[in-house]
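Here are the chains, one letter per residue:
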Amino acid sequence: MTDAAALRRRTQDLLAAHPPATTDRTDFLKARFDAGLAWVHYPEGLGGLGAPRTLQAVVDAELEAAGAPDNDPRRIGIGLGMAAPTILGFGTDEQKRRFLRPLWVGEEVWCQLFSEPGAGSDLAALGTRAVRDGESWAVDGQKVWTSSAHVARWGILIARTDPDVPKHRGITYFICDMTDPGVEVRPLRQITGEAEFNEVFLSGVRIPDTRRLGAVGEGWKVAQTTLMNERVSIGGMRIPREGGMIGPVAEAWRERPELRTHDLHQRLLTLWVEAEVARLTGDRLRQQLAQGQPGPEGSGMKLGFARLNQEISGLEVELLGDEGLLYDDWTMRRPDQVDFTGREAGYRYLRSKGNSIEGGTSEVLLNIVAERVLGLPSEPRTDKDVAWKDLTR
Amino acid sequence: MTTQSDLLYTEEEEALRSAVRSLLADRCDPADVLARTESEQPHDRELWKTLADSMGLAGLLVPEDRGGQGATHREAAVVLEELGRAVAPVPYLTSAVIATETLLACTGDPAAELLAALASGRTVGALAVPFATAPGAVHTRVRHEGGALRGEVTGVADAAVADILLVPADGGLFAVDTGRDGATVTPLTSLDRTRPLATVTLDGAPARLLAEGAEADAAVRLGLRSGAGLLASEQLGLAEWCLTQTVAYLKERHQFNRPVGSFQALKHRLADLWLRVVNTRAAARHAADALATGSDEPNLAAALAQAYAAPVAVRAAEEALQLHGGIGMTWEHPVHLYLKRAKADSIALGTAGRHRTELADLVDLPAPATP
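Top to bottom, those sequences are chains A and B.
No gaps in the numbering here: position 42 of the first sequence is 207 in this note's numbering, and each next residue is one more.
No gaps in the numbering here: position 218 of the second sequence is 219 in this note's numbering, and each next residue is one more.
Read the hints as simulated data drawn from the structure, not as lab findings.
Don't take each hint at face value.
Claimed, not checked - In silico SDA-like cross-links for lysine to any residue, where the CA-CA straight-line distance does not exceed 25 Å:
| id | chain 1 | residue 1 | chain 2 | residue 2 |
| --- | --- | --- | --- | --- |
| 1 | A | Lys518 | A | Met393 |
| 2 | A | Lys467 | B | Asp273 |
| 3 | B | Lys341 | B | Thr190 |
| 4 | B | Lys252 | A | Glu536 |
| 5 | A | Lys549 | B | Thr331 |
| 6 | A | Lys549 | B | Ser263 |
| 7 | B | Lys344 | B | Ser55 |
| 8 | A | Lys518 | A | Leu485 |
| 9 | B | Lys252 | A | Arg537 |
| 10 | A | Lys549 | B | Arg259 |
| 11 | A | Lys467 | B | Arg270 |
| 12 | B | Lys252 | A | Ser543 |
| 13 | B | Lys252 | A | Pro413 |
| 14 | A | Lys518 | A | Leu490 |
| 15 | B | Lys341 | B | Thr331 |
| 16 | B | Lys344 | A | Arg537 |
| 17 | A | Lys467 | A | Pro413 |
| 18 | A | Lys549 | B | Asn258 |
| 19 | B | Lys344 | B | Asp273 |
As the list claims (entries may be wrong) - Where chain B lies over chain A, by a calculated footprint (3+ residues, C-beta under 8 Å):
| id | region |
| --- | --- |
| 20 | 419-428 |
| 21 | 464-476 |
What the hints assert, rightly or not - Below, a sample of chain B positions facing chain A; criterion: calculated Cβ distance under 8 Å:
| id | residue |
| --- | --- |
| 22 | Gln265 |
| 23 | Asp273 |
| 24 | Tyr309 |
| 25 | Ile348 |
| 26 | Leu363 |
| 27 | Asp365 |
These numbers were taken from a predicted model, which means no experiment stands behind them.
Think of the CB as a built atom: it goes at the ideal place given N, C-alpha and C, for glycine as much as any other residue.
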């Protein structure tokens, strides 16, 4: 059942039974899920067939060739990349059956309620409280940097259930109903002028105990699955030469000789070299993965791209001179997703500042490389054996 | 977009690496290298004999029907990684890569004969141009008169150990036997004593013509291009040694009652260096693969690799020295051998800046017009 030929046949059967041209998009996606062709490495009955993950490409190629609709993965990235693997890993059978299908189809958007104003890099210090009240929990606190919160049906939430034990041990993982009257979502305007993210205020939110993921007090362990999948999903696609941020700068350089100076030329060439080498490093990483020998190189990709994006976009604004003094649009909007290429240089410059903060600051990632890849000792810890309530805040 | 190059190592390449590495572990200890640099014979001829002749590594780039091993730049690059890791004082880059690649591009019988001799490892060759020469930047003042050469070339790497010099002169490329009258090789006091330079003085030295005109120019250019592209692999090995040694030292060394490697200020520097080494590996493998297969523009790949790898190797050695603290500044500790090699390598075969300028042409990012 799990070889490429069988998957191809199964995909053709799906297409025959539900011709994309005449089938409603959502109906097609539901049928695809039910045929086990949504994510073939998931178990049968949950959108998959227990097949090797690499065989998904076979299905996707067949569907793309037939012009079948996809589930717009960028719109539901948090659900697919973070909520789903966590539910699969820690959810009850009932939770898996209830949540995975509408998540994958895109009927229900998910958001992530992790970071707090007082818990960024030190996420385990979070202070949102969940207090047991019979068969449910009452949740109070504030979350921040929540993308999609204003369109989300569900949120993956970590909250403190025991303040009397050290911080990593008193956290529990929940699925939060974003339509609960105690949930208030406010846009968080960024330096770009728009609000990709939100602040989420939780006041007496009721969460039934049946929407707990994993055991009480085990939330930190469950969250590791979520966060690991966040890092895996960054930097997956092969890009062509000049396919990244260097592209628009190189183009401007070629088309507008009047902007050229010797100083900019040297800096451009240096960054061009770094961008091209980073691209090759990505190629090499993917070749390693394809051979089933993942290296630690992946830990570094995000660090490299954050710095490069910032330096390249900074150069671009400077190169543009008079135009670099202008900005395309300060209007406060709430975009669904980040679009680096659809906007002007000033936007790229400002938005890329977040690349070294979101998904783990560069400083924290350097610690991770130093400790997990190079095996250097950690800094002495003063927070490990102290009850959460006694930590300095 | 061109096809994707193979940036990994094959099983055979890994086996080759193990063989070279274990030989060097036995025979090329940093303390030995240091002692040798102060002796009359800075090159390790016995080690070269084993590598080049017994193991057959001098002939990797040469097809079997021309007297070599029929391997490629990919395998030679792996050898260079290990030689760089050991700062081994052997003329591999100069003879088995640069001189050999130059001869491969010459068509006549004299070149074929020399090529087989170099491939056997029993004859050492050196291209008689200053070691700082970038591909395509050769300016010779050596004159050819009636079968003999006159002139001087300074800064020739490994000339002191060469049996044959390949000399670009007016009218073509010539071979000169260093043992003959009229050819003098005078060692220079070099920054990097593990790859010492010398001045070659030709005073009516008998010369055999290897190639003329455009063929000669192209051959020299290809020799230097392979040298520049594969030098990145040597720089990778060197940088890896610096990183590995420094990480090990910072785990051992205690100050303020903790391993100094637990201080975040130092950890971040090493993590950053690791990132650069990871990138260098991709650039170096890409260059080796492009030179081997001709895929993805070898000129671009070689210039890219050199533009990236040269500063990384220097940085790795400089960081290693600083992070070792006082011990790193001593003559006894080997890190200075790596610093000197890295700095010399950053000038050898064209600086990173020269290679960036080359890239500007290759990828159409032209310099501003001069007013």
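Do the hints match the structure? See the list:
{"no.": "1", "hint": "A/Lys518 to A/Met393", "in the structure": "23 Å, holds"}
{"no.": "2", "hint": "A/Lys467 to B/Asp273", "in the structure": "12 Å, holds"}
{"no.": "3", "hint": "B/Lys341 to B/Thr190", "in the structure": "13 Å, holds"}
{"no.": "4", "hint": "B/Lys252 to A/Glu536", "in the structure": "11 Å, holds"}
{"no.": "5", "hint": "A/Lys549 to B/Thr331", "in the structure": "41 Å, violated"}
{"no.": "6", "hint": "A/Lys549 to B/Ser263", "in the structure": "17 Å, holds"}
{"no.": "7", "hint": "B/Lys344 to B/Ser55", "in the structure": "31 Å, violated"}
{"no.": "8", "hint": "A/Lys518 to A/Leu485", "in the structure": "19 Å, holds"}
{"no.": "9", "hint": "B/Lys252 to A/Arg537", "in the structure": "14 Å, holds"}
{"no.": "10", "hint": "A/Lys549 to B/Arg259", "in the structure": "18 Å, holds"}
{"no.": "11", "hint": "A/Lys467 to B/Arg270", "in the structure": "17 Å, holds"}
{"no.": "12", "hint": "B/Lys252 to A/Ser543", "in the structure": "11 Å, holds"}
{"no.": "13", "hint": "B/Lys252 to A/Pro413", "in the structure": "44 Å, violated"}
{"no.": "14", "hint": "A/Lys518 to A/Leu490", "in the structure": "18 Å, holds"}
{"no.": "15", "hint": "B/Lys341 to B/Thr331", "in the structure": "14 Å, holds"}
{"no.": "16", "hint": "B/Lys344 to A/Arg537", "in the structure": "31 Å, violated"}
{"no.": "17", "hint": "A/Lys467 to A/Pro413", "in the structure": "20 Å, holds"}
{"no.": "18", "hint": "A/Lys549 to B/Asn258", "in the structure": "20 Å, holds"}
{"no.": "19", "hint": "B/Lys344 to B/Asp273", "in the structure": "20 Å, holds"}
{"no.": "20", "hint": "419-428", "in the structure": "holds (count 5)"}
{"no.": "21", "hint": "464-476", "in the structure": "holds (count 3)"}
{"no.": "22", "hint": "Gln265", "in the structure": "6 Å, holds"}
{"no.": "23", "hint": "Asp273", "in the structure": "7 Å, holds"}
{"no.": "24", "hint": "Tyr309", "in the structure": "5 Å, holds"}
{"no.": "25", "hint": "Ile348", "in the structure": "18 Å, violated"}
{"no.": "26", "hint": "Leu363", "in the structure": "11 Å, violated"}
{"no.": "27", "hint": "Asp365", "in the structure": "6 Å, holds"}
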